[in-house]
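Asks: Hey, can you work out the whole structure from these sequences and the hints?
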Amino acid sequence: MNSLDEYLIEAERNHGHMCAGQVLGVRMAMLGCQLIGLEEPKVGKRLIVYVEIDRCAADAINTVTGCRLGKRTLKFRDFGKLAATFLNTESGAAIRVIALEAARELAKIHFGHLATKKEQQLAAYKSLADDQLFHVQSVKVTLPEADLPGHPKSRVACEACGEGINDSREIYREGLTLCRGCAGERYYELV
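Its first residue numbered 1, the sequence shown is counted upward by one per residue in my numbering.
What the hints contain is simulated information worked out from the structure, not anything from laboratory work.
The reader is advised that the hints may include incorrect statements.
[Said to hold, decoys possible] Cβ-Cβ distance ranges computed for the label pairs, FRET-style:
| id | residue 1 | residue 2 | range |
| --- | --- | --- | --- |
| 1 | 162 | 105 | 50 to 60 Å |
| 2 | 68 | 17 | 16 to 26 Å |
| 3 | 136 | 42 | 41 to 51 Å |
Quick reminder that beta carbons are idealized off the backbone N, C-alpha and C, glycines included.
Replies: Quick look at the structure:
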């Protein structure tokens, strides 16, 4: 595994700027991978990561792990939490890593002499111990076959709009095979 500093350089390049979320995401991913026995997370297809927020940390986690939505190894669950679950698909080991709110206060306490909150958090999140930044939970992740990386396991067409639906995301209603949009779950409005 690369060093923290090496990952931070790569994370800043990938994300476009350095911030507290980048540092937490890199450290979270390094810790999660270590705890499930993956010292080289980008080697092989042994890692699936669930991120619970669509903020800076998610990009940093991608930088460390190499997991991506398009490869189906990065899963997004919108819980609005700075947390991620790391699943070793070979061993089944899974760890959820959660950023502690108390770390914000520790940044002020230990680095209050720095001019801005951003500087305080960057310094703190680079140097505080893992147990001062994160809570770790051993978890079990049940991964449906339709969510596994690789080629689509199934493909059907929506009987209302004709659009293709991969990997068992269809909904059956009143004898029809429907996409989620036609079943009333659109995030957009047709104009």
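Asks: Range first: 41 to 51 Å. Now tell me if the beta carbons of residue 136 and residue 42 are that far apart.
Replies: Distance hint for residue 136, residue 42 is violated at roughly 22 Å.
Asks: Does the hinted range 16 to 26 Å hold for residue 68 and residue 17 at CB?
Replies: For residue 17 against residue 68, whose Cβ atoms are near 20 Å apart, the range 16 to 26 Å holds.
Asks: Take the C-beta atom of residue 162 and the C-beta atom of residue 105, compute their distance, and say whether it sits inside 50 to 60 Å.
Replies: holds (55 Å)
In this structure, the one hint that does not hold is number 3.
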